[in-house]
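Student: The hints should help you fit chain B onto chain A, whose structure is shown.
There are 2 protein chains.
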Amino acid sequence: MARSASLLWRNLRVYQIYGANTDVGKTIFTTALCKAARRLYRDELTGYLKPTVPRDADLLSSIYSHLAKAAGSGTSPDGWFFIETAGGVHSPGPSGTSQAELYRPLRCSVLLVGDAKLGGISTTISAFEALTLRGYDVEAVLLFEDDRYRNADYLRTYLADRHRGLPVVSVPAPSPSEAHGSEEDAESMRRYYEETSRSDAVRGLLGHLDGSHSARVARLESLASEGHQRIWWPFTQQKLLSPDKIIAIDTIIINSKGVAPAGVLDGSASWWTQGLGHANSSLTLAAAYASGRYGHVMFAEAIHEPALALAETLIQGMRRGGGGGTHRLSRVFYSDDGSTGVETALKMALRAARTRYGWAVDSKLGIVGLEGAYHGDTIGAMDCADPSAYNEKVEWYEGKGLWFRPPSVICREGKWRVNIPAEFGEAGEIYAESLTDVFDFRAREGRGEHLLYEAHVETVLRHHLDKGRKFGALMMEPVVLGAGGMVLVDPLFQRALVNVVRRSQHLFSPEFVGQPSGNGTDWTGLPVIFDEVFTGLYRLGRFTASSFLGLDADVSVHAKLLTGGLVPLCTTLASESIFRTFSSDDKTDALLHGHSYTAHPVGCQVALESLRQMQNMESSGRWAPFQRGWVGGTDDDGARQQDGAAGNNNRASRSCWSIWSPQTVDWLSRRPSVAGVWALGSVLSIHLESPGGAGYTSTAAVALRDALRATNHGPSQNPWNVHSRVLGNVLYLMGSQTTGQEVVLEIEQLLRRHLS
Amino acid sequence: MARSASLLWRNLRVYQIYGANTDVGKTIFTTALCKAARRLYRDELTGYLKPTVPRDADLLSSIYSHLAKAAGSGTSPDGWFFIETAGGVHSPGPSGTSQAELYRPLRCSVLLVGDAKLGGISTTISAFEALTLRGYDVEAVLLFEDDRYRNADYLRTYLADRHRGLPVVSVPAPSPSEAHGSEEDAESMRRYYEETSRSDAVRGLLGHLDGSHSARVARLESLASEGHQRIWWPFTQQKLLSPDKIIAIDTIIINSKGVAPAGVLDGSASWWTQGLGHANSSLTLAAAYASGRYGHVMFAEAIHEPALALAETLIQGMRRGGGGGTHRLSRVFYSDDGSTGVETALKMALRAARTRYGWAVDSKLGIVGLEGAYHGDTIGAMDCADPSAYNEKVEWYEGKGLWFRPPSVICREGKWRVNIPAEFGEAGEIYAESLTDVFDFRAREGRGEHLLYEAHVETVLRHHLDKGRKFGALMMEPVVLGAGGMVLVDPLFQRALVNVVRRSQHLFSPEFVGQPSGNGTDWTGLPVIFDEVFTGLYRLGRFTASSFLGLDADVSVHAKLLTGGLVPLCTTLASESIFRTFSSDDKTDALLHGHSYTAHPVGCQVALESLRQMQNMESSGRWAPFQRGWVGGTDDDGARQQDGAAGNNNRASRSCWSIWSPQTVDWLSRRPSVAGVWALGSVLSIHLESPGGAGYTSTAAVALRDALRATNHGPSQNPWNVHSRVLGNVLYLMGSQTTGQEVVLEIEQLLRRHLS
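First to last, the sequence lines map onto chains A and B.
Residue numbers are given in UniProt numbering: position 234 of the first sequence equals residue 234, and the series is strictly consecutive.
Residue numbers are given in UniProt numbering: position 512 of the second sequence equals residue 512, and the series is strictly consecutive.
Just chain A, with the same shape it has in the complex:
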């Protein structure tokens, strides 16, 4: 069982003592607890720590090292450790960071010293909540008895109602004279500690903590095996999954090693959702705010601020990030995940095509798409993908499409290549100097590279249409096929496909005589759906993946990074042209689709905060160090960057960058075991040679994945390893949008070590 982070050892009970305020008795309680532990657990170690190191990362790693040594990898005798904080929960630590934030990666069990004075009920509950919303477990609240305010009585009732079994322990305060420091006082305090540490309250508390520590460890140790009995895992052959392979997550997996002793580096960006680091407290507070303000809003015929603001942010972001010049997307439909968002998109597009072309409701409509597509796991979304290991055994799967095998882009032996499949007539490779050149449509279209693509698309479409097939939408993932194998598609081909579809007003319904309104935002040919669930919202370095193609979709779908890895939410954006299709005096002509939690305020508020943070990173130049590595390499690039007036398409086509360095991509591309590699945005995709065939069932990448996972890196007291995912012969690594250069560098070194 691999376990992630936190100050948890079977043989060492570690508590961090937080105060509801300053001057509430933290030191007194800590001292009494130490004394009581020494007396009651004579054969055990009892330790105390009040750490002061200026840098946050050093502070955490020194605490971790100190305790790891005390625990002796679990071989030392049992023991107790108390770590005292300074001031209140949010009082600044040595570096100025709030302590509740600073210590969060350790997620130590907490004893909260409450405030017995007037006002202390409020500060104690507030402190309790500040800790809770950072994921701490408060194991007990301790405070002095006070006959006047009786805060302990109130807190006992209040907290018991809400947090079953949480002890509120009160002891008499030292008399004022006792705490003043003279010799007589010292003797008096000695007596006070003697009595307090022998009191039933303190002894009972230690017994409780001992029990709950054992229970916590036992539960964590059985989590994998209990889960193995109860859980049906997604995308997992459970016969091949023994409990020892299951990762029991006790707390956040961290993906910023800097503040993460003994951590797991989340190399799959938590199934591609992660943008702002796990358990980002701004996202937590956004979720809590919306929960407290709204709870649930029944969204049919209602509106709330986060839903509207998010719709506005997305529409504006798509416009700024779009390269097409037209601004098609103007409507937002909410659903719960990529699958439901794709199904919504599909319903929108098919209806638009069917009504414009006058087809009967029971017409068999297909979609046009790409081979290797993946749009989700509900039946309608599955039917949009070509047959593959994902769907071929699913009973109701019935692929309803025409899928083009796309030319793909990869770096091999230091060269970027576009691989053109045989069916294009002129199979072969196009070479490019750089990834940026692959996206330089002006140059490539100038050389006529798109003509082969357009001719092929037109031929194939005509062939199928001539056979009487009907199509209702073009659906694809712009730039990268994700679950279909982390394939970088030649963007010029995707442009060609869209362009052919859009200019062919009469291709899809020869008898059609109408015209779109001609304002430039109406769909033509077929509605174009971009599934940006994985590729959008900065995963590839830009707000929208469509900007890489210099095209606007008629419908596009956005999820995953939308909520920065917190809660499910999906948005399907559509143009007015699509929207108008459903407008009628008959209510059954409406899009009769919806989920109970449609546009749930928690998700919308979190998404707003997530987008705000990423947009700020973009505008503040946070990614400039990465970008310089990719675009600042040559004089030519420098000159190009100044050429800002040359139009959207051109500018957009230039800024291809990744957090992964071009040097590492180059190095990887020259390994004998590597068939090819590419990097864009936070994604690095390594295609390994696979003698037994590539694809989902290949196991070629498993060895590398296991090596990254098994090896501990970093100093021995502060180890970390990399958790990554494979897709057949492909191992990919994905950072979050906050991943720093030093982390990337370490992982790159690690890759080089394993692939040398």
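For the record, the hints were derived by calculation from the structure and aren't laboratory data.
Incorrect hints may appear among the rest.
Note: identical chains are not told apart, hence a pair may lie in one copy or across any two.
What the hints assert, rightly or not - Below, simulated PhoX-like cross-link-like pairs (lysine-lysine); rule was C-alpha separation at most 25 Å, straight line: (1) LYS393 - LYS587; (2) LYS364 - LYS470; (3) LYS69 - LYS50; (4) LYS364 - LYS393; (5) LYS245 - LYS587.
This one's a predicted model, so the numbers in the text were calculated from it and none came from an experiment.
Tutor: Same frame as chain A, but now just chain B:
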């Protein structure tokens, strides 16, 4: 634009002054603000309130009344109002309730007075967070300057980072002598107020508040029309939806009138999700805790505590709540909403049937179900429902089933009737004394009432099977068809259907020769799926709706109330017999289904808290007053209740109860405009006479809905109205699990008034 609750008027800027602690200067700041407002806004009203009324509800309504009078329905001159609280944010109000909780229904804009003393950074941030997680907008933080601690400087940086534009306003503190009360002091304080209220800081603050109040009102007033331009609403014909009909939700809709001045009573339980009241702070804190502890967990091959604990809670709850004696459900698969949960269930069941019966992967498998079924909006879920207004215009819809029109139960003219459709051969009605008698299977099966049902089911099944059709699952909503028209199905029929399907080992595949393992939990005939998304988890008064039938499903689906109206989450439970089907050495035999946010910790933690609260309500007898009305009415019932040893089925069949009184059901059932009525759990379903035909497109219930919505009830200063939803000719009302008797009574009176 109907607007819900909160102290918001265009002409009155109202602020509640909270303190980070006691003795931080709330009164001084409030006084200075009042003085400044009087001076700067000479023609306006400036008011001050420090409310003290013992009962929470009285306190809220007196504040509301006072301010509503001051605002004069928006006709009075503009003004300012400052409401001072006592102590810190969580200090107990007059009744003992924490003030932050107590005043939440008013959701007044907040000015937070921070603490300038040592430790004050911590108490100020904690107080800010306690307010935020209750959905308050903190408009500014005010505190005294202090050269030693400089808390204002720290807070300015800290808060600006996280909350754009939030002003942190500091002013000099009064000198210690000024605050002491002698005559000289009074003069000195007068001078202090004079200076402070003229200071740039305070003047600037008022200007800022004036601007943000105007902006807030303007935004709220444009929310509906802006939304109308940007949002694509679910289940809504937008051509028929003008902005004036859109409800702009500024804050929680409340469904407990007791603490809700000027509120909207949420009569649809927020699309059937609501169980614990909107914005329940225990759910908020649960969400925040999981967010802070985990963020996202990539769930494939991983496990975390809330996912396991929720799985255990559900499995145990189903066992305790199940009436069948066997305990089939033992596995939990997580997804995002009812639709995805149903699709998962379907994939599970079809695979189980296909592999056992040896059918080819491309066999056309149908499901057996009920007419009027509704299982969600993704294509696979839609295909499980018979053709209806919901799906008949959807391009990829292709009903894949055999649907039985079920006998239904309704109360009319004071009598409970089971309506048996003509195709059963002996069409007609069975009468029952009470709803409880309808569920008394021992008695009814003793009278042989099930024989007609079983014979019909067998005949129809054989007919279709003889034609070569193949079926892979029986799927239905136990007891109530929700979206299909809020129909109470005769539970005896559902039992008969399941029993025929289960005992017919060879019916569905005549050539089948194998046997189930015979341990009593294996599926036989066809896997039985119960879609409890709407009917389960106490909506009908019990943990599981299957207990009403005295049957266990092989697969069951749970959502909506699961998370108490906070975030999307769905669970699909399955038996080991179903689970084993997917076990293989080939990873592509696994259930290759999953969503990015599968088992997201926030949802699981919230669900745990939601279930815990509802289970506590059940075990503590919270619903006893309602239950007494239904089962304690006659001597006969009393005698029956003591007969506890008569077996599970029998006991379960007796406890039919509703929050809606049997007297009101009886009264409604005798109205000429009412075709029938039923109530169970928190649901009241009124079927109105509809000359133009019933069904989704009927408008018969719209008039009653509009009447409930348009009328203001309660005192004029404290009005409320009822927001309800219709399904064709059916108007339903749905309480939450916390709705009190006095609220139900008021709504019942209202119904009587409108239907007299």
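Student: Against each hint, give a clear statement of whether it holds in the structure.
Tutor: Now for the hints, and whether the structure bears them out:
1. LYS393 - LYS587: Intra 38 Å, inter 11 Å, cutoff 25 Å: inter-copy only.
2. LYS364 - LYS470: For LYS364 and LYS470, the Cα distance is within 25 Å both inside one copy (7 Å) and across copies (23 Å).
3. LYS69 - LYS50: within (17 Å within a copy, 56 Å between copies)
4. LYS364 - LYS393: For LYS364 and LYS393, both the intra-copy (23 Å) and inter-copy (13 Å) Cα distances are at most 25 Å.
5. LYS245 - LYS587: Between copies only: 15 Å across, 52 Å inside.
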